[in-house]
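Engineer: Sequence:
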Amino acid sequence: MIRYLIKNNLKLMFRSPANLFLYILCPLVILSVLSNAFSTLMESYQKQGPFQVGYRITEKSFFYAGMETFKAAAKEADVTLEEYADGDPQTLMENLDLKGFVEFGDDSYVVWTREDAKVEGMTLEYLLNAYVEEADRMKLQIVSAMAMGQAGMPGEMTEVRKAGESGLDGKVALTGESSLDGEVALAVERPKFMPAIDSTDYYGIVEIVYFGWCALICATGILGNEKKYGIRKKYQVAGMSQLQVYLGRLLPMFVMVAVCEFIAALISQTLLEVHWGEHLVQSAAVMLFMVLAASAFELMLYALTDSMVLSIILSFAIVWVWGFFGGTFETYMFSSLPVTLKTISPIYHGNRALTELSCMGHSDYVWRSLLISGGMTIVCSGLALVFGAARKRG
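Position in the sequence shown (from 1) plus 528 gives the number in this note's numbering.
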């Protein structure tokens, strides 16, 4: 009996043009609009390459004695410093394609940056700040060592280390060592960073995921008719258990949405050149588990409310909030929302797993997404059966 129920429900769902429009065409239209709108922003998220900076310095400058050390450290960070004794900084930047210019005074410096080189300017300022802070630490250590020596206290100068991160993916982290020779040595380290992903790939993935979380729409006709024509009583007469009735709804919803999402993903890959990554099995597993979790979650809402209108309102509200936190509308990489709010969204874990698989080829969030989706499916299915049984007795 359950086999015929699943088959008939599945046929009714696939016959609905609204379902095909919602789960195939809508994601493709939305991703096209958003990818064009945010293409410039996403293109700015690129790994910084080597660049040149000009500078001017006086012999009385605080930086003069250690200038060669600073230039060597900057060179390791792909920043080349060239000295220009004369000329206007802005003119030099425009004519010589310099990303920035630094004027070193006696005890201060001024940084000039170009409007189209903000990332390079931030990197340059970070290098300068790290150098100044390390030099100040060195001075304090020298004074402390001299004070201990004058007081007759045995003391040994130890190296001072400072580790800092620029907060910019792909930029530099510096460690500094100081000694009594009056020089500051900066060693450059390169932390791991997430490679760039363009707007077409990003929104081509997350919008298909988002519409998959609206799984209840494809079953509105069936569930509405069940209530309208008293079909649920016929299920009881036929001796169908609550579990069989639930599976007769869940499995067609899952298959319907999964097939439509597969078609949408295939169209996006072939026509819009969305890159889903090399590990398609992992990407498919993440997608399928999320569709199953969405179907179970929304059937639970329907079992709780026994109202299609109220279930759709609650589902849309919750899924929209999850999508807002999870990067469906604003990329989670650029979002200023706290990480805690992002991680409570199951959509965030799925979006991050799929986008990292696309641009990196691997993701630590794959298993997280699978576990969260699997857990949601089990819990929501159990609650849907409990609510259905309680309503049946009542």
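Just so you know, the hints here were simulated from the structure itself, not pulled from any lab data. None of these values were measured; they are calculated from a predicted model. Misleading hints may appear alongside valid ones.
[Said to hold, decoys possible] Under the rule of at most 25 Å between Cα atoms (straight-line distance), these lysine-lysine pairs were calculated in the PhoX-like manner: (1) Lys-920 / Lys-755; (2) Lys-870 / Lys-539; (3) Lys-920 / Lys-761; (4) Lys-539 / Lys-762; (5) Lys-588 / Lys-599; (6) Lys-539 / Lys-756.
Engineer: List in ascending order the numbers of the hints, as given earlier, that are violated by the structure.
Structural biologist: 2
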